[in-house]
Amino acid sequence: MNLELRDIGVDLAGREVVRSVSCTVTDGGWLVVLGPNGAGKSTLLRAIAGLEEHRGQVLMDGGDTATLHRRDLAARVALVVQKPTVPDGVTVLDYVTLGRTPHISYFGSVGARDRDIVADVLGALDLRDVALRPLASLSGGESQRVFVARALAQEPSILLLDEPTTSLDVGRQQDVLELIESLRRDRGVTVVAALHDLSLAGQFADRLLLLHEGNQVAEGVPSEVLTEQVVREFFGASVRLVPVDGSGHVLVPVRRSGAAGRP
Amino acid sequence: MTSFAAGASRGRRVAVIVSAVAIVSIAALGALLVGPVRLGSSGVVKELFAWLPFVEGDGLDEQQATILWQLRAPRVALACVVGACLAVSGAAYQGAFRNPLADPYLLGAAAGAGLGATIALVSGSGGSFAAGTPVLPIASFVGALVGVSAAYAVGGSMGGRTTTGLVLAGVAVASFLTAVQTFVQQQNSETLREVYTWILGRLATAGWADVVLILPYAVASITVLLLHGRLLDVMGLGDDEAESLGLRPARVRLAVIVAASLATAAAVAVAGLIGFVGIIVPHAVRMVVGSSNRWIVPLSALCGAAFLVLADLAARTVVAPGELPIGVVTAVIGAPFFALLLRRSGRVR
Chain A
1 MNLELRDIGV DLAGREVVRS VSCTVTDGGW LVVLGPNGAG KSTLLRAIAG LEEHRGQVLM
61 DGGDTATLHR RDLAARVALV VQKPTVPDGV TVLDYVTLGR TPHISYFGSV GARDRDIVAD
121 VLGALDLRDV ALRPLASLSG GESQRVFVAR ALAQEPSILL LDEPTTSLDV GRQQDVLELI
181 ESLRRDRGVT VVAALHDLSL AGQFADRLLL LHEGNQVAEG VPSEVLTEQV VREFFGASVR
241 LVPVDGSGHV LVPVRRSGAA GRP
Chain B
1 MTSFAAGASR GRRVAVIVSA VAIVSIAALG ALLVGPVRLG SSGVVKELFA WLPFVEGDGL
61 DEQQATILWQ LRAPRVALAC VVGACLAVSG AAYQGAFRNP LADPYLLGAA AGAGLGATIA
121 LVSGSGGSFA AGTPVLPIAS FVGALVGVSA AYAVGGSMGG RTTTGLVLAG VAVASFLTAV
181 QTFVQQQNSE TLREVYTWIL GRLATAGWAD VVLILPYAVA SITVLLLHGR LLDVMGLGDD
241 EAESLGLRPA RVRLAVIVAA SLATAAAVAV AGLIGFVGII VPHAVRMVVG SSNRWIVPLS
301 ALCGAAFLVL ADLAARTVVA PGELPIGVVT AVIGAPFFAL LLRRSGRVR
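These protein sequences, in sequence, are chains A and B. If you count by our numbering, then the first sequence holds residues 1 to 263, one letter each, in order. If you count by our numbering, then the second sequence holds residues 1 to 349, one letter each, in order.
Chain B on its own, in the form it takes in the complex (with noise of 0.2 Å):
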């Protein structure tokens, strides 16, 4: 009796959440693999496994095993760790404001991340641009946390409490907030090719300084996030209807858009604006599980994860030996999606 129904969609579930892992192993596995030096395969799980108790083993020499530690391994944690946050924060965001076309970019909070760390770049630490300076995140976050609440400001004063209202201010201060980073820019000429390249996205130079830089922000986020997964589904009746249920829905929205804020900024800072993720991963995950954020939510990170991993993948193959910003990468896959996207929801309404 208790589990009729609900037996069958979860167990589908469940069976999706693992495979999603196995495709995040195997994605990561994938980039670990190609590149200039050829690693092989079965070495490279060798030495992986030896980081396991009780397995001996290394299936590399030396300089290989520089190679898949120094340089393709962060790389790759980078990008599951960037992706996973924009992602969740995407699926966040649409839950939060119950608006399919949310994402990071909405409201001002990539935007504003992305002038914060375009100051910090211009004003000399801009000079430890390479890899670990704490400035960067914290310059990000700042601003993130500048525009979305000024995004929260300026909607308050356009109308209370409604999602519309927000959504329009968060494109407004969006807009501003990329003038500014614009001009910042051009009146710092000799850190434009710095600054543009960043703003592109870029994981190439990643180490495991930046990974180690904004791993403690991206686990405190998503975890927030996974943690208000069920929250979402009640916000999405609307304010009123969450209400009656016992909510507060002002105090829920807030929390989460704090939280995919932080995990916005946190990746805007060691990997520049990466656009379209937020909005395909959640949206792929929602036509194979449903509109359920208690699954949306977990599988996006993960799904996430998968996604940047293998874009970096071809952002660093398509054009061997040269290599694409990521940015373009996501954008080429994204914009048409977007595109498909927003035809659907136009048949719809």
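Chain A on its own, in the form it takes in the complex (with noise of 0.2 Å):
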């Protein structure tokens, strides 16, 4: 599903923290956004899912998300906060079947179709072996596997992830990048991403979205939004952009002393 933002802005207590940004996605496309902590990024996702109110327009295939019930969205739109609560002693299982709300009825019960889509998550996921285990058992790759499995339960066109690979180490975040490559390549799926680590948005990425103090700063391809100039000023980071074969660049950072000897 095609996703657009019209000039998005959100205040908080107050404070204007998302400042009119503009950008669209196309179906099955990957956006990540990007900036340092405190940009917006985390304000940004929850307007796209309703959960702030915001000024400006969500449009998915043109329709304004505004129009829609609670409940309907839902239905279209997932979100993975950064840090999902676990209900205490919850299985895996009863888990991503909460996932089925939005196509649940209120007084309803979960069905055969429910189960059956529930099933099919897990064993996409590869999460079988592990539905019976209480949530909290898991190790931080397979709860974050299990966190995408309940978004996924939501049967989404677009899904919203909030620094999926936050307190991951290296292998297990580029477990879940490719996990997500693959959920968009297999199923259509829209992808919005805030990701910190700039190499990993580079390479995942089709197009990036750089905030700062929630401006829209920079948008585009990742060569066109992610130039040594742009990590200097926005992060404050001295890098070198190196190019690898076939996944556009990474960055590499350098030694500050050391960047006067610079060619």
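Keep in mind that the hints were calculated from the coordinates and are not lab data. Do not take every clue at face value.
What the hints assert, rightly or not - Here are some of the chain B residues that sit facing chain A, going by a computed Cβ distance under 8 Å:
(1) 227
(2) 236
(3) 237
(4) 244
(5) 291
(6) 292
Each residue gets a CB set at the ideal place from its N, CA and C atoms; glycine is no exception.
Given two chains presented individually in distinct reference frames, assemble the corresponding complex, making use of the accompanying hints.
Below, the structure is given as structure tokens:
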């Protein structure tokens, strides 16, 4: 599903946290929202998910999401928050089944079709063996897969991920991003993710949106947005861009004291 | 494919429900049999089944039948209803506030109901205390709603929609209402004993009138709470995530709190303040069936009923021919359990 943000602005406690953000993500595309801590990435995702009141419009295939009921919006847009709450003692199976909520009526109960979809998602994410284990007993990487599984059980057209790789080691970060890439490819889900790892962002996203203190400072394909100058200006970091076969560039941090002698 | 894992756990949970029904029946039968006048078990069973169509038989003589139907049966029935109300509302409060220590005494529901009932007792309608005064449950419910609304208002002004704010406000409101209740009680010394006996909890004077009085409230509120079991599971994710799944958390919480307060008020109105049922029963249930409120809520109703029937049995047998207030029995069992629970939850965090 095509996602368009038109002039999105959000105020929190009287402060303007996000200021006129506009961009478009094509159907099945992957937009990564970048920015230093406190840039407004999470707030922007929450606004898209309908959890924050905002100015401007969020359009899905041209339709304004403000006109949708809470539940209908949840059936189209799934959000994986940065630190999901894990209820005491909840099993993986029960947790992923909660993702079916938008598809079940208020007093309705979990039906056969819901169970089929949950079983399908658990299979696709290789979680069947742990289905009956308490979620709290899983490793960080496995837990992250379970959080994504719950979002997928919502059968969303748009998947919003807030820092899905924080607190994971390098290998698990790659696992999660590759998983999301495969979901995007196989299921045609449109992905919007907030990330802070610039290298990973540059390799996986097909578009980048850079926020700085709530302002949209750059938007476009990774090679346009991720330049040494942009990284220096907005992240206060000294980096070198190194080309990698087939997947764009990676950023390599460079010692600042040695920067004087650079060609 | 569909029920690869769900099958096993569902089967187990259904078995647990069936066992719980069996436990309630056995507890109730036991309570019907035990008492100062010995009633033969086969006679009681025959007498009970005589209610069914096409079953002939009267196992008891007229006097025994009167003891069974007019003294013991209403008391057992009332213990079932009150126990179910308290346990279900405890489970519901714990789910709605995502706080394992929440119970009907939180949020000022029980304290408000107590104050309402005390005012009803001292202001004259207390004269007809014994049975079937419709003023008492209404006064309790009004009191419970006043308590909860006050907690809501104070909690809201303290920090919006967070559950911690509400819980703290509930504690404050409950203390205040209890103080007012004590004051009202002290100012009316002529009814002091009556009020005091009622506070400690009583099922002793139960007649069918009491059962009939609270049954509609109990059935309505428990039904509403049973229907909210799945939604309480979603609420367990916190307001933000529940909202991102399409729920309106504030609305769900309000519905659950009103229903749970109604159940609490119904129980308090006829049985006084019986503590700890709302906290120990749901927790014991959770240890057996896990964390899903779809199972915790109905099982709490059944186990709450069984628990209070047994507690009442203990209350009238331990110091026979005298009787302990049932609130004392539940507190003696509940307080150590609560302490254990605190220790456990302290260790987890």
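Tell me the hint numbers this structure goes against, listed in increasing order. none
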